[in-house]
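Asks: Sequence:
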Amino acid sequence: RVLKETFEKAWEGGRRPYLIPYGGSNPVGAAAYAFAMQELIEQTQATPVGKQPDWIVFPSSSGGTQAGMVVGAKLFGFQGKILGISVDELEQDLKEKVAVLATATANHLGEALSFSPAQILVNDHYLGGGYGVMGAPELEALQLFARHEGLFLDPVYTGRAAAGLIDLIRGGFFTAGQTVLFWHTGGTPALFASRYQEELLS
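Under the working numbering, the first residue of the sequence shown is numbered 591, with each subsequent residue one higher.
For the record, the hints were derived by calculation from the structure and aren't laboratory data.
Treat the numbers as computed from the prediction; the structure is a model and nothing was measured.
Do not take every clue at face value.
SDA-like mimics (lysine to any residue), calculated; alpha carbons at most 25 Å apart, straight line [what the hints assert, rightly or not]:
hint, residue 1, residue 2
1, K671, K594
2, K671, D714
3, K664, Q633
4, K641, D714
5, K594, N713
6, K641, I631
7, K664, W645
8, K671, G761
9, K594, V618
10, K671, D683
11, K671, T765
12, K671, G762
13, K671, A708
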């Protein structure tokens, strides 16, 4: 409420404020991930195998990343599945949010596309102790990726998504021969937040 009032007051006063939504998730931001999908497709085509991944797995929260990916998949011909591991939203709520934003993003890009929640893949089984709460699954994922792959995840987003990915692999969710791409969305500075230091260094 305060943010909206401040925005309106500034606008009425002749200024030109720009309201950045939660998570930066608006059509402008999501469009970047649509074009990131185009880049991914071009990169996979340039490899000796030339095969797109069967799955893309990544953290999903405010919906911008996933909305952009869904739009990009449609525009540029990605054939795999796009699975968002929710870090803080219930599955149906996040599906609805992503569908609305994906439609708005496509329209922003001049494409008359419409998306429904049924087209969005979300897994909300890994919400753990809540947003920003690092539990044993997240800690294991951070340690495993760092020790074996040299990849640093964060405790909030990529750590939770990777924990979900690890559990899905162990549970046989993916079939033999499928290629799974884990999309690292950033967030590494959270590794240095004081609230996580005791657990990370123990």
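Asks: Are any of the numbered hints broken by this structure? If so, which, sorted upward?
Replies: 1, 4, 5
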